[in-house]
Amino acid sequence: MPSAGDAMSMIFETLPFLLGGLWTTLFVSMAVVVISLLIGIPLGCALVFGPAWARLPIRLYADFVRGVPILVLLYFIYYGLPALRINLPSLLAAIVALTAFKSAQIVEITRGAFQAIPKGQTEAAQSIGLGLFDRFVYVLAPQAVRRFLPPFINSVVDTVKGSSLVSLLGIVDLLLSLQQVIGRTHVALPLYVLGALMYFAINFPLSALSRRLEKRFV
Amino acid sequence: MSNAAPQPVIEIANLTKSFGALQVLKGVDLSVEKGQVIAIIGPSGSGKTTLLRCINFLEEYDGGSVRIDGVEVGFSEANGKRRRRTERELAHIRVDAAMVFQQFNLFPHLTAAQNIMLGLIKSRGKSKAEARSIAERWLARVGLSAKIDAMPGQLSGGQQQRVGIARAVAMEPKVLLLDEITSALDPELVGEVLGVVRELAAEGRTMILVTHEMAFAREVADRVVFTDQGKIMIDAPPALVFGEQPNERLRAFLARFAGLQLPAPTPAR
Amino acid sequence: MMNYHFNFAIVWRYSAKLFEGLLLSVELAAATIAIGMLIGLLLALVQIDGPRWARPLIRGYVEFVRNVPLLLLVYLVFYGIPSAIDLQYGATTSFVATLAVYSGAYLVEVLRAGLEAVPKGLIEAGKSIGLTPFGVLWHIRLPTALRIALPSLSNTYVSLFKDTSIASAIAVPELAYGMRWIETQTFRTVEVYLLATPIYLVTSYAILLLLRLAERRYAISR
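Chains as they are written, first to last, in this note's numbering: chain V, 3 to 220; chain G, 1247 to 1515; chain R, 148 to 369.
No wet-lab data here; the hints were simulated from the structure. Computed from a predicted structure; not experimentally measured. All the pointers check out, no bait thrown in.
Away from chain V, derived, C-beta distances all over 10 Å, residues of chain R: (1) 156; (2) 160; (3) 169; (4) 235; (5) 265; (6) 273; (7) 287; (8) 290; (9) 301; (10) 357; (11) 358.
Here are a few chain V residues that face chain G, going by a calculated C-beta distance under 10 Å: (12) 120; (13) 122; (14) 123; (15) 125; (16) 126; (17) 127; (18) 128; (19) 129; (20) 131; (21) 136; (22) 137; (23) 140; (24) 141; (25) 144; (26) 145; (27) 148.
Even for Gly, the Cβ is constructed at its ideal location relative to N, Cα and C.
Whenever a hint applies, use it, and build me the whole structure from the sequences.
Here it is in structure tokens:
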């Protein structure tokens, strides 16, 4: 085991490389979060308010994706798409795979947020003559947002953690860059701990925010 | 009361409603004239709340009809075919049968004034300024000028319910539906809410209230309707209902309300 | 998409790998849940009834584990620890230990919520019939807490079953590993996936159904 001083200087030397991996992790996570919101929220609303012919496929999609481990989905999309002659750059394929998974989660969170609103709110809104659109915009959506945010922020944390799986596809995210540094320097444990701390530094503020919002809103 | 009576505001004919295998309304007929106050009383499960909620189609009745000013609430006739009204049509109709709820159902993210303004702007087409002044006026009428910009979470139960009443009445509906509006309140808060209802009744508003407050029903109602097992058993002025009572079930029901001082037979009002 | 020639026969020849893998996945999940429940229960009780100084420690454990990727923890335990200390263990042992510690952090929260939701009246009733604190715990608080927490526990257990797929990263021959193995042998990704996915789906739903049955019999809805 190298001395503490050696370890420290080693870490400093490799820091730029690790930061490159960190950037990839953050980029992938943010891309997945944004796209899954754009897909998941409309689908979630359709699940709650839409006609039966729309609800069924969305329900099937959400249940299917959530019954399969994210790693398996990742493998399939990443290795399966080229087999079907769909060739995407590896980063994009990974993002597509993670987004497919996360969108299903967002659908569930959206559904839960609306269903947590007491039925009396809809009745009161109907009683003063508001149509579906006005009900949605002025009464239901504002209340749903409050119930949406805490689990959503938790899912952002999940996304950051899930992004580490792209390392298994050879994409140099924080985890893989960590492993590559370990491969060169043979200093395993301290670097793994450092990596854990880096993920922790990203996620812990988000978790704390989610908890604070939960207390305030729900 | 003139004999050439104008069309009743509310006309309910042979109304039936089932929840699954359970038939809750078994053919109800009821007619309400403009300016009348009807109190509906009865044991739980008798269908009184369901009846009220059918009037604004929050419960969708199966058979029979409910008409507000001659317009059927739940269904429209086109080419001899009866079809359920669309949500948009229902929205228009429901405004005229505004409801006050047992659980208040104020919109928690809006202030008291905004709760009232929302319907005025969206359903009655008022401008924001007009809506605001109407809302302020009504809040003053129910004694809550100090709470115009308060959030529902900051109000007591009685205050919330008064806002709920203001929200319904501000729509100037043809009939006000009051669904056990004091049942969820602490006893000491009931009075302030009933006070508002009393004033509204005195103004000549058409109201239908489902209530357990027997003394209040006797005081304010023009007619008292007693429901039991899905049918209307009695539909008569309060003096008859709360006076000497031949109906077994009704006597048994009223007997449970101890302290209800049934008057000795009094001369007709 | 259209020029793909499906060839299930080749994949089917290796299907034993998938079913053996499934068996191992279930075993991993079972072992993890058993250990994780012990950890979770113990720590939940310490958090509620134990000394105050223990609480921030438990909070720290929970926060750390829940904010760090499972894959990193798996590597840390499997590669990191043996490189620093003179300790050897196989991949399966390493994974179960890691996932158990990981699951403990989630189960602590679920079980703590369950225990706190036990109505005070029940506990007082227990005391008034002369049960010792341990007796109250064993006969009243635990059974009730578990029944209350059953829905959350169900979801957590299914998640843990799915998390066993991470073991494939350190070559534990469970279902996901078997899937990758067949795929690298046959290059038939789509067919392997079409076989493996239903296996996961069916197993997940089977677990969920079993637990929902238990819920119907035992759960207390609040």
